[in-house]
Amino acid sequence: MFLKKSWNLNKLFICFNISRFKMFKVDSILNIFSSLTFFVANIFFWFIMTETGLFIKGWSFNETLVFIAYSELFFGLDSAIFSMSSRFWYIIYSGNLDTLLTRPLDPRIRLIILNTNYLEIVTTALSFLMIIIVSGVKINFFLLIAGIAIVIIANIVLALIRFIMSYSAFWVGRMDAVSELSDCLTWFNKYPLVIMPTLLKIVFATILPFYFFSTFSAELVLVKLTYSKAIVFVIGLIFNLIIWMIINKIIWKKGIARYESLNG
Amino acid sequence: MIDIVRLYKSYKNSEDILKNINLTINDNEVTALLGHNGSGKSTLIKCMVGVLKPTQGSAYIEGKDIFDNRKKLLKYIGVVFNQKPSFIVDLTISDNLLFFKSIYNINDEDFNKALELINTYINIENLLDKPYRKLSFGERVKCEITSVLLHSPKYIFLDEPTIGLDYNAKKGLYLLLDHYKKENHSTILITTHEVDYIEGICNRAIILSKGEVKYDGRVETVCNSLNHRATINIEFAQIIDEEKAKKIIQGASAFNKDEQTITFTCFHTEEKDRLLSDLIKAFSISSINTTSASLREVFEDVLKEIVESK
Chain A
1 MFLKKSWNLN KLFICFNISR FKMFKVDSIL NIFSSLTFFV ANIFFWFIMT
51 ETGLFIKGWS FNETLVFIAY SELFFGLDSA IFSMSSRFWY IIYSGNLDTL
101 LTRPLDPRIR LIILNTNYLE IVTTALSFLM IIIVSGVKIN FFLLIAGIAI
151 VIIANIVLAL IRFIMSYSAF WVGRMDAVSE LSDCLTWFNK YPLVIMPTLL
201 KIVFATILPF YFFSTFSAEL VLVKLTYSKA IVFVIGLIFN LIIWMIINKI
251 IWKKGIARYE SLNG
Chain B
1 MIDIVRLYKS YKNSEDILKN INLTINDNEV TALLGHNGSG KSTLIKCMVG
51 VLKPTQGSAY IEGKDIFDNR KKLLKYIGVV FNQKPSFIVD LTISDNLLFF
101 KSIYNINDED FNKALELINT YINIENLLDK PYRKLSFGER VKCEITSVLL
151 HSPKYIFLDE PTIGLDYNAK KGLYLLLDHY KKENHSTILI TTHEVDYIEG
201 ICNRAIILSK GEVKYDGRVE TVCNSLNHRA TINIEFAQII DEEKAKKIIQ
251 GASAFNKDEQ TITFTCFHTE EKDRLLSDLI KAFSISSINT TSASLREVFE
301 DVLKEIVESK
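Sequences listed follow chains A and B, in order. Counting in this note's numbering, the first sequence runs without a single skipped number right up to 264 at its last residue. Counting in this note's numbering, the second sequence runs without a single skipped number right up to 310 at its last residue.
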């Protein structure tokens with residue numbers, strides 16, 4: 001039932017996105033242009049790094065491109081679908097939650113569906129495929145898909161963390177800083193976390209999900225992990241997903257019981 | 001049926017906003033929830049629809065605690081919170097309504113029927129192709145009302161639904177609610193400051209004051225007080241009959257000899273007519289100005305009557 005409703009809503013919003021694209025053509029084209037600029041700058045940065053001899057130990061430039069592909073995929077999906085989760089605090093703070101709680105669609109799902117940019121999803125997918133092809137690295141198709149699945153799950157985990165941070169508005173009201181702070185979390189997506197000390201790597205693969213943003217996918221696809229390590233990290237990812245879902249549910253329930261709304 | 005049992009609500013660092021509210025609203029009943037600003041009307045509605053958790057006590061719809069079962073009960077409920085939009089601002093009204101159709105799982109036939117019905121009463125057809133952001137406040141209110149009635153809810157809660165609506169739209173809205181009451185057997189609860197509109201549709205009025213139910217009874221009592229209470233301001237040029245004038249001035253609520261003005265408060269039409277007839281005989285009148293009672297005065301009258309009858 002929930003999936004059917006979500007699918008119907010997504011179909012509806014694909015049509016709305018097309019209408020929006022037609023209505024705000026200039027803005028839409030500028031959006032594509034800015035994504036393209038960001039993407040080119042990112043590749044250029046790593047190219048310069050490699051050219052100047054600043055290698056990441058054990059990673060060739062072509063392998064770094066595979067990392068960039070997953071990094072772009074993570075960042076693209078985040079900004080196309082999940083990034084608004086860090087702004088949820090404003091819905092609580094402004095009292096708009098009132099109207100959303102009286103409709104049969106979860107306010108959090110509504111926020112995500114309403115702000116999903118379908119055009120950006122398409123451009124992200126195309127960028128991802130293009131970088132993978134340009135990298136010239138021979139990749140197992142199954143691992144490629146597994147890598148994509150990991151990135152999507154990591155995106156969901158990050159959105160859950162952002163929602164949890166937003167719920168602080170139930171207790172303390174205005175939470176502008178939360179948006180800034182939770183947006184900073186995507187910074188861990190900019191470089192392979194293999195450069196981190198072992199202890200941090202363990203923390204980022206267990207309690208915090210940063211390792212899964214793009215490093216895990218890239219290492220898996222490039223077969224840089226032993227079988228046992230890969231299994232441990234998959235368990236770590238599932239653990240992260242479950243634990244953040246549970247924390248999210250508990251804090252949401254506590255927050256909603258404390259909700260004071262506005263205007264009486 | 002809606003049941004409210006020993007309900008209290010207080011916010012952080014504040015005294016109780018709602019105090020020991022006990023109410024039963026029967027099926028197919030239309031209730032007006034009245035009270036001054038800050039009396040707790042909106043808070044009570046929010047507790048009744050599961051948006052706010054009561055500090056003590058509970059609100060039940062169909063026998064289920066609404067706060068704990070909000071998600072399950074939402075399909076039976078339609079709520080309008082005035083000045084809190086639920087529309088997507090950059091989409092047209094028809095796109096927005098399609099969104100609501102989708103979340104309420106309404107089929108095409110029911111959706112078109114409901115839209116046609118609502119349009120008959122509050123005329124929204126001309127708004128359908130406009131983006132929400134380009135609508136006036138009153139037009140937005142009409143759209144909000146449309147969006148909560150599309151799924152023909154069994155329970156309708158309207159918090160100040162007439163603010164921003166013109167006379168025809170207000171009239172249309174009350175006729176539309178009457179239709180939902182008669183044809184869908186909906187249970188309706190309206191908070192409003194406009195007492196003069198409720199008589200035709202509501203069977204019951206509840207007056208809240210400082211978070212307590214002060215009156216729960218026939219809506220006619222409230223409306224009669226409004227219709228029959230008036231303030232009359234008279235400016236006179238000279239006194240014609242000293243003795244009669246003295247008697248009249250004794251019954252006045254205010255008298256200013258220098259400015260030659262007298263103010264009276266009347267409760268019944270007959271009293272007003274008799275007073276005017278006496279005034280003409282006693283004074284040479286320059287001007288008469290009659291004003292209707294304010295909502296505050298109406299509430300005070302109703303509450304005073306209750307105290308006196310006790």
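Please keep in mind that the hints were generated in silico from the structure rather than gathered at the bench. Computed from a predicted structure; not experimentally measured. Hints are not guaranteed to be accurate.
To be verified - Derived DSSO-like pairs: lysine-lysine, alpha-carbon spacing no greater than 30 Å straight-line:
{"id": "1", "chain 1": "B", "residue 1": "53", "chain 2": "A", "residue 2": "253"}
{"id": "2", "chain 1": "B", "residue 1": "84", "chain 2": "A", "residue 2": "22"}
{"id": "3", "chain 1": "A", "residue 1": "5", "chain 2": "B", "residue 2": "154"}
{"id": "4", "chain 1": "B", "residue 1": "19", "chain 2": "A", "residue 2": "253"}
{"id": "5", "chain 1": "B", "residue 1": "64", "chain 2": "A", "residue 2": "4"}
{"id": "6", "chain 1": "A", "residue 1": "249", "chain 2": "B", "residue 2": "53"}
{"id": "7", "chain 1": "A", "residue 1": "254", "chain 2": "B", "residue 2": "247"}
{"id": "8", "chain 1": "A", "residue 1": "5", "chain 2": "B", "residue 2": "71"}
{"id": "9", "chain 1": "A", "residue 1": "229", "chain 2": "A", "residue 2": "254"}
{"id": "10", "chain 1": "A", "residue 1": "253", "chain 2": "B", "residue 2": "64"}
{"id": "11", "chain 1": "A", "residue 1": "253", "chain 2": "A", "residue 2": "4"}
{"id": "12", "chain 1": "B", "residue 1": "12", "chain 2": "A", "residue 2": "253"}
{"id": "13", "chain 1": "A", "residue 1": "254", "chain 2": "B", "residue 2": "281"}
{"id": "14", "chain 1": "B", "residue 1": "244", "chain 2": "B", "residue 2": "210"}
{"id": "15", "chain 1": "B", "residue 1": "75", "chain 2": "A", "residue 2": "5"}
{"id": "16", "chain 1": "B", "residue 1": "12", "chain 2": "A", "residue 2": "11"}
{"id": "17", "chain 1": "A", "residue 1": "249", "chain 2": "B", "residue 2": "210"}
{"id": "18", "chain 1": "B", "residue 1": "113", "chain 2": "A", "residue 2": "5"}
{"id": "19", "chain 1": "B", "residue 1": "64", "chain 2": "B", "residue 2": "210"}
{"id": "20", "chain 1": "A", "residue 1": "201", "chain 2": "A", "residue 2": "5"}
{"id": "21", "chain 1": "B", "residue 1": "72", "chain 2": "B", "residue 2": "12"}
{"id": "22", "chain 1": "B", "residue 1": "246", "chain 2": "B", "residue 2": "210"}
{"id": "23", "chain 1": "B", "residue 1": "134", "chain 2": "A", "residue 2": "249"}
{"id": "24", "chain 1": "A", "residue 1": "22", "chain 2": "B", "residue 2": "210"}
{"id": "25", "chain 1": "B", "residue 1": "210", "chain 2": "A", "residue 2": "4"}
{"id": "26", "chain 1": "B", "residue 1": "210", "chain 2": "B", "residue 2": "247"}
{"id": "27", "chain 1": "A", "residue 1": "4", "chain 2": "B", "residue 2": "130"}
{"id": "28", "chain 1": "B", "residue 1": "247", "chain 2": "A", "residue 2": "253"}
{"id": "29", "chain 1": "B", "residue 1": "53", "chain 2": "B", "residue 2": "71"}
Against the structure, the hints:
1. 53(B) to 253(A): 11 Å, holds
2. 84(B) to 22(A): Holds: residue 84(B) and residue 22(A) sit about 29 Å apart, inside 30 Å.
3. 5(A) to 154(B): 22 Å, holds
4. 19(B) to 253(A): With a Cα-Cα distance of about 25 Å, the restraint between residue 19(B) and residue 253(A) holds, given a limit of 30 Å.
5. 64(B) to 4(A): Cα-Cα ~27 Å, so holds.
6. 249(A) to 53(B): Holds - the C-alpha atoms of residue 53(B) and residue 249(A) are around 17 Å apart, at most 30 Å.
7. 254(A) to 247(B): 67 Å, violated
8. 5(A) to 71(B): Satisfied, since the Cα-Cα distance of roughly 15 Å is no more than 30 Å.
9. 229(A) to 254(A): The given pair, whose Cα atoms are some 37 Å apart, is violated under the 30 Å limit.
10. 253(A) to 64(B): Distance of about 18 Å is within 30 Å: holds.
11. 253(A) to 4(A): Given pair residue 253(A), residue 4(A) holds - Cα atoms ~25 Å apart, limit 30 Å.
12. 12(B) to 253(A): Roughly 18 Å separates the two Cα atoms, so the pair holds.
13. 254(A) to 281(B): 72 Å, violated
14. 244(B) to 210(B): Roughly 44 Å separates the two Cα atoms, so the pair is violated.
15. 75(B) to 5(A): The given pair, whose Cα atoms are some 14 Å apart, holds under the 30 Å limit.
16. 12(B) to 11(A): With Cα atoms ~43 Å apart, residue 12(B) and residue 11(A) exceed 30 Å; violated.
17. 249(A) to 210(B): Status violated; Cα separation ~35 Å.
18. 113(B) to 5(A): 22 Å, holds
19. 64(B) to 210(B): Roughly 27 Å between the alpha carbons, so the hint for residue 64(B) and residue 210(B) holds.
20. 201(A) to 5(A): Not satisfied, since the Cα-Cα distance of roughly 39 Å exceeds 30 Å.
21. 72(B) to 12(B): Distance of about 29 Å is within 30 Å: holds.
22. 246(B) to 210(B): 41 Å, violated
23. 134(B) to 249(A): Roughly 38 Å between the alpha carbons, so the hint for residue 134(B) and residue 249(A) is violated.
24. 22(A) to 210(B): With Cα atoms ~53 Å apart, residue 22(A) and residue 210(B) exceed 30 Å; violated.
25. 210(B) to 4(A): The given pair, whose Cα atoms are some 46 Å apart, is violated under the 30 Å limit.
26. 210(B) to 247(B): 39 Å, violated
27. 4(A) to 130(B): 29 Å, holds
28. 247(B) to 253(A): 68 Å, violated
29. 53(B) to 71(B): Measuring from Cα to Cα gives roughly 14 Å; hence the hint holds.
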